[in-house]
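Peer 1: Chains as they are written, first to last, in the numbering used here: chain A, 1 to 250; chain B, 1 to 324.
No wet-lab data here; the hints were simulated from the structure. In this text, a Cβ means the ideal position worked out from N, Cα and C, and glycines have one as well. Do not rely on the hints blindly, as some may be mistaken.
To be verified - DSSO-like cross-link-like pairs, simulated, lysine-lysine; straight-line CA separation at most 30 angstroms:
{"hint": "1", "chain 1": "A", "residue 1": "K194", "chain 2": "A", "residue 2": "K72"}
{"hint": "2", "chain 1": "A", "residue 1": "K63", "chain 2": "B", "residue 2": "K107"}
{"hint": "3", "chain 1": "A", "residue 1": "K154", "chain 2": "A", "residue 2": "K72"}
{"hint": "4", "chain 1": "B", "residue 1": "K5", "chain 2": "A", "residue 2": "K121"}
{"hint": "5", "chain 1": "B", "residue 1": "K109", "chain 2": "A", "residue 2": "K129"}
{"hint": "6", "chain 1": "A", "residue 1": "K154", "chain 2": "A", "residue 2": "K115"}
{"hint": "7", "chain 1": "B", "residue 1": "K10", "chain 2": "B", "residue 2": "K159"}
{"hint": "8", "chain 1": "A", "residue 1": "K129", "chain 2": "A", "residue 2": "K26"}
{"hint": "9", "chain 1": "A", "residue 1": "K129", "chain 2": "B", "residue 2": "K5"}
{"hint": "10", "chain 1": "A", "residue 1": "K129", "chain 2": "A", "residue 2": "K5"}
{"hint": "11", "chain 1": "A", "residue 1": "K5", "chain 2": "A", "residue 2": "K72"}
{"hint": "12", "chain 1": "A", "residue 1": "K72", "chain 2": "A", "residue 2": "K121"}
{"hint": "13", "chain 1": "A", "residue 1": "K115", "chain 2": "B", "residue 2": "K5"}
{"hint": "14", "chain 1": "A", "residue 1": "K226", "chain 2": "A", "residue 2": "K129"}
{"hint": "15", "chain 1": "A", "residue 1": "K63", "chain 2": "A", "residue 2": "K226"}
{"hint": "16", "chain 1": "B", "residue 1": "K10", "chain 2": "A", "residue 2": "K121"}
{"hint": "17", "chain 1": "A", "residue 1": "K115", "chain 2": "B", "residue 2": "K10"}
{"hint": "18", "chain 1": "A", "residue 1": "K154", "chain 2": "A", "residue 2": "K226"}
{"hint": "19", "chain 1": "A", "residue 1": "K154", "chain 2": "A", "residue 2": "K129"}
{"hint": "20", "chain 1": "A", "residue 1": "K194", "chain 2": "A", "residue 2": "K154"}
{"hint": "21", "chain 1": "B", "residue 1": "K159", "chain 2": "A", "residue 2": "K121"}
{"hint": "22", "chain 1": "A", "residue 1": "K129", "chain 2": "B", "residue 2": "K159"}
{"hint": "23", "chain 1": "A", "residue 1": "K115", "chain 2": "A", "residue 2": "K72"}
{"hint": "24", "chain 1": "A", "residue 1": "K72", "chain 2": "B", "residue 2": "K109"}
{"hint": "25", "chain 1": "A", "residue 1": "K226", "chain 2": "A", "residue 2": "K5"}
{"hint": "26", "chain 1": "B", "residue 1": "K5", "chain 2": "A", "residue 2": "K63"}
{"hint": "27", "chain 1": "A", "residue 1": "K226", "chain 2": "A", "residue 2": "K26"}
{"hint": "28", "chain 1": "A", "residue 1": "K72", "chain 2": "B", "residue 2": "K107"}
{"hint": "29", "chain 1": "A", "residue 1": "K129", "chain 2": "A", "residue 2": "K72"}
{"hint": "30", "chain 1": "A", "residue 1": "K26", "chain 2": "A", "residue 2": "K72"}
{"hint": "31", "chain 1": "A", "residue 1": "K115", "chain 2": "A", "residue 2": "K129"}
{"hint": "32", "chain 1": "A", "residue 1": "K63", "chain 2": "A", "residue 2": "K115"}
{"hint": "33", "chain 1": "A", "residue 1": "K226", "chain 2": "A", "residue 2": "K115"}
Said to hold, decoys possible - In silico contact screen, one side only, chain A against chain B (beta carbon under 7 angstroms); selected entries:
{"hint": "34", "residue": "K63"}
{"hint": "35", "residue": "N64"}
{"hint": "36", "residue": "A74"}
{"hint": "37", "residue": "G75"}
{"hint": "38", "residue": "F88"}
{"hint": "39", "residue": "Q90"}
{"hint": "40", "residue": "M91"}
Okay, here's what each chain looks like letter by letter:
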Amino acid sequence: MLDVKNITKIFGGLTALDDVSFSIRKREITGIIGPNGAGKTTLFNIITGIYTQSAGTIYFNNKNITGYPPEKLAGLGLVRTFQNIELFGQMSVQENVMVGLHTRSRSGIISCAFKLPGHVKEERDVRGKALHWLEFCGLSDFSGLEAANLPFGKGRMLEIARALALQPDIILMDEPAAGLNNRETNHLADIIRKIRDSGVTVVLVEHDMELIMDICDSIVVLDLGKKLAEGTPRQIQENPAVIAAYLGSD
Amino acid sequence: MSHMKKEMIKFLLFTAAVIITPLFFSGGYLMNVLVFVGINTMLAIALNLLLGFAGQISLGHAAFFGLGSYISGVLTATHGFDPWLAMLIAAIATFLMAFLLGFPILKLKGHYLAMATLGFGIIVYISLNETVGLTGGPSGLSGIPNLQISSLLFDNDVKNFYLIWTFALVTILLSTNLANSRIGRALRAIHDSEIAARVMGVNASFLKVQIFALSALISAVAGSLYAHTMTFISPASFGFNFSVELVTMVVIGGLGSIYGSLLGAALLTLLPEFLRTFQDYDIIVYGLLLIVMTMFMPGGLVRGIPGLFGALLPKRMEGGGENA
Numbered sequence: 001m002l003d004v005k006n007i008t009k010i011f012g013g014l015t016a017l018d019d020v021s022f023s024i025r026k027r028e029i030t031g032i033i034g035p036n037g038a039g040k041t042t043l044f045n046i047i048t049g050i051y052t053q054s055a056g057t058i059y060f061n062n063k064n065i066t067g068y069p070p071e072k073l074a075g076l077g078l079v080r081t082f083q084n085i086e087l088f089g090q091m092s093v094q095e096n097v098m099v100g101l102h103t104r105s106r107s108g109i110i111s112c113a114f115k116l117p118g119h120v121k122e123e124r125d126v127r128g129k130a131l132h133w134l135e136f137c138g139l140s141d142f143s144g145l146e147a148a149n150l151p152f153g154k155g156r157m158l159e160i161a162r163a164l165a166l167q168p169d170i171i172l173m174d175e176p177a178a179g180l181n182n183r184e185t186n187h188l189a190d191i192i193r194k195i196r197d198s199g200v201t202v203v204l205v206e207h208d209m210e211l212i213m214d215i216c217d218s219i220v221v222l223d224l225g226k227k228l229a230e231g232t233p234r235q236i237q238e239n240p241a242v243i244a245a246y247l248g249s250d
Numbered sequence: 001m002s003h004m005k006k007e008m009i010k011f012l013l014f015t016a017a018v019i020i021t022p023l024f025f026s027g028g029y030l031m032n033v034l035v036f037v038g039i040n041t042m043l044a045i046a047l048n049l050l051l052g053f054a055g056q057i058s059l060g061h062a063a064f065f066g067l068g069s070y071i072s073g074v075l076t077a078t079h080g081f082d083p084w085l086a087m088l089i090a091a092i093a094t095f096l097m098a099f100l101l102g103f104p105i106l107k108l109k110g111h112y113l114a115m116a117t118l119g120f121g122i123i124v125y126i127s128l129n130e131t132v133g134l135t136g137g138p139s140g141l142s143g144i145p146n147l148q149i150s151s152l153l154f155d156n157d158v159k160n161f162y163l164i165w166t167f168a169l170v171t172i173l174l175s176t177n178l179a180n181s182r183i184g185r186a187l188r189a190i191h192d193s194e195i196a197a198r199v200m201g202v203n204a205s206f207l208k209v210q211i212f213a214l215s216a217l218i219s220a221v222a223g224s225l226y227a228h229t230m231t232f233i234s235p236a237s238f239g240f241n242f243s244v245e246l247v248t249m250v251v252i253g254g255l256g257s258i259y260g261s262l263l264g265a266a267l268l269t270l271l272p273e274f275l276r277t278f279q280d281y282d283i284i285v286y287g288l289l290l291i292v293m294t295m296f297m298p299g300g301l302v303r304g305i306p307g308l309f310g311a312l313l314p315k316r317m318e319g320g321g322e323n324a
């Protein structure tokens, strides 16, 4: 459903990504892994419209989405979370998720200012749906809290809840387990599986190998800006090139 | 009780307070000052939508106020337009101008946006001064007619009070609705993290332009009301100092709070009147007050005053949004 074709990204003189191609299949959890500096986050930023690639094309559901800005991708059902949590800190936890429902609601400035009937109904609807996604991610008890006051692990979950509220086809998570303790990581793994089982495609950039091998259906390995390998967790674990990249070759 | 019900009760109580105010200060000098509080409330709320909600600075908002004033003034005093029609034209023209200006200018962020809006404010100020044939230049434009509804002519303090405050109350009501809606949330989301807001599907660049133009429209209506209430306007009222004063009202009152803007506007309009007793030293007392307030109430009056009581009272649990 997401086809990355010949992506190259050059920053100044540095080639961060060099002709990377792969495909992500529907309703799977795909992990993108690689040593530091492999280009994972750069690739993520290109797919999600934050950077523009130097060359190459991206197809989403067979539609060429090259150069689409994030807000347009959101409308198509592609959403992401951030490595450094990007919450709306001064808004309540529930309101954060309600922003996730932005594309699922229509009221404009005039409708909102004059509280036209359609808007009032929609607002009630949005409020209810937000609570559903908070419950899905185990955040029901925090709905009224200002997001900036959430503990770190809960903030991560809130980012996921907010992204899910958009009812995306695909969700890309940038190091969702970073900074989480074991218990929180296990909870995260459960949530990610639940997301996949509900029919949403998941892409992860992650350093936690245990988590990756545990939950991913397929894995793409990057090293120094190039695709090194692609396959199931088992294939990747046995791939000599991958082992060499991670452990150093003789 | 739901958040919106609380908002509604607050609004109705305040409306009642406004209605009975003239019974106590009828015809006095204070009545005149309260008319200005109403106009400044509209301006502060307009700027707050941009600054407090969307997080975008404008150091040139007096220009939109001035444009509204002068378009209305010139159309009526020079060309004999009906004042209400002139107000409508002033509002639409200023809205369109801000809309077109907004596209290039709001691509800038932080200090650069501040400089660009500052520049716009100065251009308008100089234009008002220099186009003597059109605006009357520095000596001002006089003979602007009062507004009128059939036989009711708004020509004294009390009538003007009710006229201005009707507009101010409508501004408060509509802005409160907007603040607690999908659009209000999108604006605050842009304020906290523009990139995350965009990832959630908020068209940040367009929404910023829309709110900038809406803010200009409200300012222009306030300007038109000002022109028809004063019947005389001069460029001095629309300079850089007033733009800064508007920012001060919003910050002192509380960024992102509609009633905070009301408090800020009231304080900064009334305070200089009360400080008259300090004669030449009033500006020092005024400055000191502002410094002390920003130091001890960084969230503005609307959060600072409950904070003072908060130390004495048990903390109340709050749910949902909190746009007072």
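Peer 1: Which of the numbered hints above does this structure break?
Peer 2: 5, 6, 10, 14, 18, 21, 22, 26, 32, 33, 34 and 35
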